[in-house]
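Trainee: One-letter residues, chain by chain:
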Amino acid sequence: DAGVIQSPRHEVTEMGQEVTLRCKPISGHDYLFWYRQTMMRGLELLIYFNNNVPIDDSGMPEDRFSAKMPNASFSTLKIQPSEPRDSAVYFCASIPPLGGNTIYFGEGSWLTVV
Amino acid sequence: AQSVTQLGSHVSVSEGALVLLRCNYSSSVPPYLFWYVQYPNQGLQLLLKYTSAATLVKGINGFEAEFKKSETSFHLTKPSAHMSDAAEYFCAVGNRDDKIIFGKGTRLHILP
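Chains Z and U, in that order, are what the protein sequence lines are. Under the working numbering, read the first sequence as residues 1 to 114, first letter to last. Under the working numbering, read the second sequence as residues 1 to 112, first letter to last.
Please note that the accuracy of each hint is not assured.
Just so you have them, the derived chain U footprint on chain Z, three or more residues with Cβ under 8 angstroms [to be verified]:
{"id": "1", "stretch": "8 to 17"}
{"id": "2", "stretch": "106 to 114"}
No more than 25 angstroms apart at the CA atoms, straight line, and that leaves these computed lysine-lysine pairs for DSS-like [what the hints assert, rightly or not]:
{"id": "3", "chain 1": "U", "residue 1": "K58", "chain 2": "U", "residue 2": "K99"}
{"id": "4", "chain 1": "Z", "residue 1": "K24", "chain 2": "U", "residue 2": "K99"}
{"id": "5", "chain 1": "U", "residue 1": "K99", "chain 2": "Z", "residue 2": "K78"}
{"id": "6", "chain 1": "U", "residue 1": "K58", "chain 2": "U", "residue 2": "K69"}
{"id": "7", "chain 1": "Z", "residue 1": "K68", "chain 2": "U", "residue 2": "K99"}
{"id": "8", "chain 1": "U", "residue 1": "K99", "chain 2": "U", "residue 2": "K68"}
{"id": "9", "chain 1": "Z", "residue 1": "K68", "chain 2": "Z", "residue 2": "K24"}
{"id": "10", "chain 1": "Z", "residue 1": "K68", "chain 2": "Z", "residue 2": "K78"}
{"id": "11", "chain 1": "U", "residue 1": "K69", "chain 2": "U", "residue 2": "K99"}
In silico negatives: residues of chain Z with every beta carbon more than 12 angstroms from chain U [claimed, not checked]:
{"id": "12", "residue": "R22"}
{"id": "13", "residue": "Q37"}
{"id": "14", "residue": "R41"}
{"id": "15", "residue": "G42"}
{"id": "16", "residue": "K78"}
{"id": "17", "residue": "P84"}
{"id": "18", "residue": "C92"}
Just so you know, the hints here were simulated from the structure itself, not pulled from any lab data. Beta carbons: idealized from backbone N, C-alpha and C, even for Gly.
Taking the hints into account, I'd like the entire structure generated from these sequences.
Mentor: Here it is, written out as structure tokens:
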């Protein structure tokens, strides 16, 4: 399997622009997570889905952030409008059914907002 | 609610010395516990996990961790550090029907 695939790997954008991060989980996995990693705050869980349904979005920092999972093989995390403090690495991860909660991470999307 | 505390954001050990990275957790139900490693510019990868079987769990690259319920701890150890072990290590707690929470990470430095 190709693993969790994220795009773009790197993005530099100007403040105020819309940013869309994409994730393709491993086929057959039924949980999908979005994490944000910064030096100051470490690894933060933003939102997670089970069978395409959002279960807990309490980690989403504010209304500028939104996430969708229209089907089992695709999810997006959108930031609109973006701000410099959103600069971080955003990881997508997935868990297989009956997988004992082993999370498989993508390689991350490195976002810089200038 | 679950939580994880990693003691020490940076740990330095000499090559060949014992590695000990500390993790304490809080969970209202029997937890699953994990250690993940992150090398520079990469995602996280699983080192080992505890899922209520043996309390001493062996992982990849010679690492192991011991689940101690009385101490609510899941410390990571390796008898002899290697230069290639330099990375950031994350402890995590979760269970099947709840989110997985990560600690803030411990950066391991290996001194020659």
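Trainee: All hints are to be evaluated individually against the structure, with a verdict given for each.
Mentor: We went through each hint and held it up to the structure:
no.	hint	verdict
1	8 to 17	violated (count 0)
2	106 to 114	holds (count 3)
3	K58(U) - K99(U)	24 angstroms, holds
4	K24(Z) - K99(U)	19 angstroms, holds
5	K99(U) - K78(Z)	21 angstroms, holds
6	K58(U) - K69(U)	17 angstroms, holds
7	K68(Z) - K99(U)	17 angstroms, holds
8	K99(U) - K68(U)	22 angstroms, holds
9	K68(Z) - K24(Z)	12 angstroms, holds
10	K68(Z) - K78(Z)	9 angstroms, holds
11	K69(U) - K99(U)	20 angstroms, holds
12	R22	15 angstroms, holds
13	Q37	9 angstroms, violated
14	R41	8 angstroms, violated
15	G42	4 angstroms, violated
16	K78	21 angstroms, holds
17	P84	21 angstroms, holds
18	C92	9 angstroms, violated
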